[in-house]
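Produce the entire structure from the sequences given, and follow the hints as far as they go.
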Amino acid sequence: MEKKLALVLLLAPFCGFLFNVFLGKKAGKSISGIIGTLSVLISFFATTYFFALLQSTGQPVQVDLFQWISLEKFNIDFSFLLDQLSILWLLFVTGIGTLIHMYSISYMHDDENMHKFFAYLNLFVFFMITLVMGSNLLIMFIGWEGVGLCSYLLIGFWYKNQEYNDAAKKAFIMNRIGDLGLLIGLFILGYLFHTLDYATLKTSILSNSAVLSNPLLSIAALCLFIGACGKSAQIPLYTWLPDAMAGPTPVSALIHAATMVTAGIFMVTRMHFLFDLTPYVQDIIAIVGTITAVVAASIGLVQTDIKKVLAYSTVSQLGLMFLALGLGAYEVAVFHVITHAFFKACLFLGSGSVIHALHGEQDMRRMGGLRKAMPVTFWTMMISTLAIAGIFPFAGFWSKDEILMTAFHGNIVLWVIGSIASIMTAFYMFRLMYLTFFQEFRGTEEQKHHLHESPSLITIPLIILAFLAAIGGLISLPGNSWLNHYLEPFFNKAHEAHHLGATEYTLMAIATAGALLGIGIAYSKYIKQNQLPAEDSEIKGIAKVLYNKYYVDEAYEALFVNPLYKVSHFFRKYVEEAVSGFVFGLGKLTNEIGNQGKSVQNGSIGLYLFAFVIGVSSILIYLFLV
Amino acid sequence: MDNILQEIGMENYIYLSVILFCIGVFGVLYRRNAIIMFMSIEIMLNAVNLLFVAFSTYHQDAQGQVFVFFSMAVAAAEVAVGLAILVSIFRNLNSIDIDNLKNLKG
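Just so you know, the sequences run in chain order A and B. Take the first sequence: its letters are residues 1 to 626, numbered as in UniProt numbering. Take the second sequence: its letters are residues 1 to 106, numbered as in UniProt numbering.
In case anyone wonders, no lab produced these hints; they're calculated from the structure. Quick reminder that beta carbons are idealized off the backbone N, C-alpha and C, glycines included. Be aware that one or more of the hints could be misleading.
As the list claims (entries may be wrong) - Estimated spans, in silico, between C-beta atoms of each pair:
id: 1; chain 1: B; residue 1: 78; chain 2: A; residue 2: 581; range: 17 to 23 Å
id: 2; chain 1: B; residue 1: 89; chain 2: A; residue 2: 581; range: 25 to 31 Å
id: 3; chain 1: A; residue 1: 610; chain 2: B; residue 2: 80; range: 23 to 29 Å
id: 4; chain 1: A; residue 1: 601; chain 2: B; residue 2: 89; range: 17 to 23 Å
id: 5; chain 1: A; residue 1: 608; chain 2: B; residue 2: 16; range: 26 to 32 Å
id: 6; chain 1: A; residue 1: 625; chain 2: B; residue 2: 74; range: 52 to 58 Å
id: 7; chain 1: B; residue 1: 89; chain 2: A; residue 2: 587; range: 18 to 24 Å
id: 8; chain 1: A; residue 1: 586; chain 2: B; residue 2: 58; range: 26 to 32 Å
id: 9; chain 1: B; residue 1: 74; chain 2: A; residue 2: 587; range: 57 to 63 Å
id: 10; chain 1: B; residue 1: 33; chain 2: A; residue 2: 586; range: 54 to 60 Å
id: 11; chain 1: A; residue 1: 586; chain 2: B; residue 2: 18; range: 27 to 33 Å
Said to hold, decoys possible - Chain A residues, not near chain B, derived (Cβ > 10 Å throughout):
id: 12; residue: 169
id: 13; residue: 467
id: 14; residue: 500
id: 15; residue: 541
id: 16; residue: 602
What follows is the structure, encoded as structure tokens:
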């Protein structure tokens, strides 16, 4: 029963994919969208069943399908594991996935390739479920690569625009760099422990104290983290995520905010027993996460494309999650992943609703005053913005506060930088809200005429997500955390409840004050003084550096891309010429010899006979005389 | 039998055979008339036959002589075919000079 249901959970989106690929066009747009949504909804229901089962029995469900790779000392089973962590992830992957599919039915309705869109989206959900459900690292890797592929396909969904194709390629290549790290990490772990199964790895790492002194273990952890960097857009591999906004907005919400980019956090949490034993790598994770958080937030301050702001916000929030991971507070990171999935998905879908209403306009300088025309979008986005800014009592307040509290106890510098990132977050999010929804409309008359609230297929997901963003914090209230309690069997240790003392309340107060400060600055700048971000050509000073993303893309271009092109050019021009010259030379030589030899075969029998006699004589001389 | 070899030494048979063979080879190489070349080939064949017979006597073994009979029979058959070809070449080209036979040219 469990086995069948687990297969249903896994394969329902895949069936949706098959349907949409082969029959989607014939079935029509509405059917294609409904089938796509239903297939994910089935997975969601199956997940809730497993969730209820886990709650009642407390036992993880292991589903063994078959033996996949079997070598002398090395066995990989094709099996799935439904434990606390994977079910938690599945819940929000399939749950938010369903909402976003539903949203897409309306959002993509004018697109001629809607069935293709749903096919890719279903395929993505399938791979994401594989990634989360796999009971060993290799199956996770299948999902890992699969979601990367779907991300590529969906970023480049509007393939007629070359820039979008470039963005898709960039995302794919950046991810490949990370994937290489992940793969090397897998190889090292396989070499050290002869297994990639989570449970077996855990026991053999914990029982084998000799391996602790092996530097390979730290290298493996570092390699895994590089993989996580690629997938979860951390420095130095983060530049693909903002560009990935080229994809349709539901894709940004599902893949590039709520689910796929959290795969890195999932993987690190899965392998927590490994990272716990490699403190240096943990330090690196914490530092990288913090720097990413603050750098991405500072870039977000001046962006004018509504989706770019949200993209940098995502990178920054992911950085905060890695900060928590680096400090060993995995359950805190998981908590933030969940709340972030709620409010960021809501924000992206809200921005999609705005873009939809403005017929594709994404520049916030051409928006404004949308509050009256789109009240539902406005209020849902407002709730999510309050959540991400960390205002009591919305979800983001609790999770971000937990992270900062952990950082405070871990390292005060990390706390300071993290807090600065939070203040920036509050600022740029309210800047986004003020520029989009307040003051007067700054677009064209025609756009103004067409302003409308989005249809209910778009607003219902928004309302649900905003509701979750508002109350999501309840799952892990400090002092009495359901989430920590739920994850206890997974981490194999009882979680010590936070002692809520004066320090903790002070920290909360400081965090709230910081958020209010950020909001205040945004208010005075964009409401009171009614400023507008400058046009591209008028941006000067630090703002210009920030607007151009610290010129990181240009630096990568100069440091890696161009030298690579030069090397390729060199190889193409000289090395390939030399090699092909040699090969062609051999051919020409043979040809020439043939041409010369042709004249020997001139039909003169006398000559043939002469050659024959000479030949026989030389053979005889060679055989008998030499 | 021994007497013959005692009267004329074995080495003389070999010399004669080699000389005949070389005459045949040079005949094939230098003459352009197909019939003469044909005759030269026969000379070479007979040089070898002579050697066969000589060694057969020398070793007191009749096998060599049997071979010679076969060889002569095959040579006779070959001559019949070869001359027939030459006749038909002559009918076509009015010449049996091999320099005119260049149809095999590649």
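Taking the hints in turn, this is what the structure says about them:
| no. | hint | in the structure |
| --- | --- | --- |
| 1 | B/78 - A/581: 17 to 23 Å | violated, 54 Å |
| 2 | B/89 - A/581: 25 to 31 Å | violated, 51 Å |
| 3 | A/610 - B/80: 23 to 29 Å | holds, 27 Å |
| 4 | A/601 - B/89: 17 to 23 Å | holds, 20 Å |
| 5 | A/608 - B/16: 26 to 32 Å | holds, 29 Å |
| 6 | A/625 - B/74: 52 to 58 Å | violated, 30 Å |
| 7 | B/89 - A/587: 18 to 24 Å | violated, 41 Å |
| 8 | A/586 - B/58: 26 to 32 Å | violated, 55 Å |
| 9 | B/74 - A/587: 57 to 63 Å | violated, 46 Å |
| 10 | B/33 - A/586: 54 to 60 Å | violated, 45 Å |
| 11 | A/586 - B/18: 27 to 33 Å | violated, 46 Å |
| 12 | 169 | holds, 55 Å |
| 13 | 467 | holds, 90 Å |
| 14 | 500 | holds, 101 Å |
| 15 | 541 | holds, 83 Å |
| 16 | 602 | violated, 6 Å |
Consistency with the previously given hints fails for numbers 1, 2, 6, 7, 8, 9, 10, 11, 16, ordered from lowest to highest.
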